[in-house]
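Student: What follows is the residue order along each chain.
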Amino acid sequence: MGSEVTATPQTTASRGDTVASRALLRQLRRAERRRQWGAFALVAPLVLFLIVAMVLPIGDMLRRAVDDPEIADVLPQVTRAFDDWTDHGQLPPDSVFAALAADMASARAAGTLPIAARRLNYAVDGGRSLLVNSARRLPETAPNWRDTLIAADPRWGELDVWAALYQARGPLTDFFLLAAIDMQRDAQGDLTATPADRAIYRDVLARTFEIAGAVTLLCLLLGFPVAYLLANLPPRRSNLLMILVLLPFWTSLLVRTAAWVVLLQENGLVNQVMMMLGVTEAPVRLVYNRIGVYIAMTHVLLPFMILPIYSVMRGISPVYRKAALSLGATPTTAFLRVYLPQTLPGLAAGVLLVFIMALGYYITPALIGGAGDQMVSYFIAFYTTDTVNWGMAAALGAVLLSATLLLYWVYNRLVGGGVRLG
Amino acid sequence: MTTTMMKKLTGLAAGLAVAAFSAQAMARDLSIVSWGGAYQDAQKKIYFEPLKAAGVALTDESWDGGIGVLRAKIEGGQTPWDVVQVESEELVLGCEEGLFEKLDFAKIGGKDAYLPAAVHDCGVGAIVYNFVLGYDKDKLKDKAPTGWADFFDTKTFPGKRGLRQGPKTTLEIALMADGVAPADVYKVLATPEGVDRAFKKLDEIKAEIVWWKAGAQPPQLLAAGEVVMTSVYNGRIDAANKEGRHFGIVWNGSLYTIDSWVIMKGSPNVDAAYKFLAFVGKPENQAKLPLAIAYGVTNPAASPLIPAERLKELPTDPANLGVSIELSTAFWIENVDRLTERFNKWAAK
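Same order as they appear, the protein sequences are chains A and B.
Counted the way my numbering counts, the first sequence spans residues 1 to 422.
Counted the way my numbering counts, the second sequence spans residues 1 to 349.
It cannot be assumed that every hint is accurate.
[Stated by the list, open to error] Computed footprint of chain A on chain B, listed as stretches where at least three residues anywhere in the stretch have a Cβ under 8 Å from a Cβ of chain A: (1) 224-236; (2) 307-320; (3) 332-344.
[Stated by the list, open to error] Ranges between beta-carbon positions, derived for each pair: (4) A:Leu-172 x B:Arg-71: 21 to 27 Å; (5) B:Pro-268 x A:Pro-171: 34 to 40 Å; (6) B:Thr-146 x A:Thr-141: 56 to 62 Å; (7) A:Ile-51 x B:Asp-271: 25 to 31 Å; (8) A:Pro-143 x B:Thr-146: 55 to 61 Å.
Keep in mind that the hints were calculated from the coordinates and are not lab data.
Here a beta-carbon is modelled for each residue, glycine too, at the ideal position from N, C-alpha and C.
Kindly generate the complete structure, drawing on both the sequences and the hints.
Tutor: Below is the structure:
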């Protein structure tokens, strides 16, 4: 900004003028700087808040998805001794066995062995007891630690166990991220698919996007006519309608979800009304399944679709459509080719808002859905609170985040940059 | 000038905080943490208030469990909690990781005073509770179920079934329904074939299952007529019946487990904590709890002091205990991750 001011005065002005203009320039710059500082000071709290509330936690979450310190911390000698293990097609050399035995003894004495055992359990079935129990059985000295360890538990003679321990040596790992997309590394370190009976997260991710997509579509189909009505009714009646939209919007998510459970259950109001009207003979199953999830999530997220569309529709002047009609367009053509394109920014904002919010839903599917309707956030919550497996929780979070960002990028390409988030 | 003042102020604040913190740490009331709700209300009346009256300064808090919470308390340095009631998994994991003090049973009446299952290096049993088969007596008037096999028999007992969402308890129930003797359940479940067998059994009634997550849900499902039978905590059935329901319990093949009291590592109130544990371990004090809520006591000497009528409704009644098995904490610590993945995969199909 300063450069525009400096460019002109010196060439044309006389000596006295130059001094004066320099002083003026300094003043100008100072004023400019003050203004910039003022502006910065005004946004500083927000920037600070964003850093503390968004950037740091998300960064930390991404770090936890690849962070793998347990084995290296608890079993440092074996982590170093792994350098001697060159041929991964065979069991590691004796030095590695000896290092493991020494580590197990010291970790057991320090009480840290369970930490390593928990980590090994993620990768090996029964890994916890393998480590804890064999540590308990080990003698103080042994002529050959390889034989002693295998005698303590024959599984130390299995290549898979050693490969898992090797892959967990840290400090960084792709174990959790791979697991979050149903992949794993075999004994040789090559990528393979997780066995079918345990592969689940691709399905979960697909299910998450499917539910979010269906809810978005339902919200769009229901929300567009409502927004249109709101925008075109006389103010007195549209205000009343607006209250009907906003009232549920202001009600707690938990209350609304619980209310749906009551309404949709076997003897609930919805089933009673349907049977009274003769729609069905017997009660229909509407809750603890996908139908219930769609109904409740659509209801909860509908205002987020209606409000952006409504705000855009309010700003559309009726003269364009009237002009189209007067020029001979049919009402349908006028609507489709003149009115609808003008509502696109609102549609795009509503669709994006609802879709992205729906992706992270937890409470509604958890309360209304069955075991097969749980979305990614359910599994993130499971790993954080139930099993305290931060690596897996963070990896699932990271996968969901990248999938969302990718989708947002694609969407922006398609819509042509009409909307920006933030 | 401002910076020096800031520094002074910060220093002062930090000093005050440290002083307040250490003062609090040195002379803090005994802090007891339990599970809230009706259960903790009962404990308050029976355990906490009388102890306070006897001159033990204590405060009580509640929590929702989770080994991570306990880890964080210990890692944070001086723990604000002294005595915590934990579930069996937290007991084992926390003890292994050194989060709890090792208990000196001599100070609380000796190991022999408690049920064998209530004695652990780091904890002493607080209550015994059961996962039982609960059903609505009004709905199943003609014929009542007698075990998990009936639970899977949708011909004789038509209607939906409630089960806890997750592999724990569900797989055990399936195996027992498939004819595995209760004593062999974990032996069978430890083999891949056993796990397959449990899931195959569950397939039979998969379409009829309503999954519950929180303990309060199954009695609601029964009351609303959503299910005719469900797995449920026995105390919840008792509470519902107190409110006028007619729910029945099948003890046969039920799974019992124990919540334990632990003392947090580095607690400054260890002496007071032992005083508390000794008080709640005494038979005459334990005997009062089941009257308030239908959970079993861990000191067998308390049983003769409980009215015989009530005793029959508790998990610890010999007739009930004899037909139930202990939920294997060791098995689930080892296998919960893998079997949960498998369960979720199966449930989504």
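Student: A separate judgement is required for each hint: does it hold in the structure or not?
Tutor: So, going through the hints one by one against the coordinates:
Remark: the region 224-236 of chain B is confirmed as covered by chain A, as 3 of its residues place a Cβ nearer than 8 Å to a Cβ of that chain, reaching the required three. Check result for the region 307-320 of chain B against chain A: violated, 0 residues qualifying (beta carbon to beta carbon below 8 Å, three or more required). Requiring three or more residues with a Cβ within less than 8 Å of a Cβ of chain A, the coverage given for the region 332-344 of chain B holds, as 11 such residues are present. Under the hint 21 to 27 Å, the C-beta atoms of Leu-172 of chain A and Arg-71 of chain B, about 23 Å apart, fit the expected range.
Range check, Pro-268 of chain B to Pro-171 of chain A: about 36 Å between beta-carbon atoms, so the 34 to 40 Å window is met. At about 58 Å, the beta-carbon gap between Thr-146 of chain B and Thr-141 of chain A stays in the expected band of 56 to 62 Å. For Ile-51 of chain A and Asp-271 of chain B, the hinted distance range of 25 to 31 Å is not satisfied, since their beta carbons lie about 46 Å from each other. Between Pro-143 of chain A and Thr-146 of chain B the beta carbons are some 59 Å apart, a value that agrees with the proposed interval 55 to 61 Å.
Checked against the numbered hints listed earlier, the structure breaks hints 2, 7; every other hint is satisfied.
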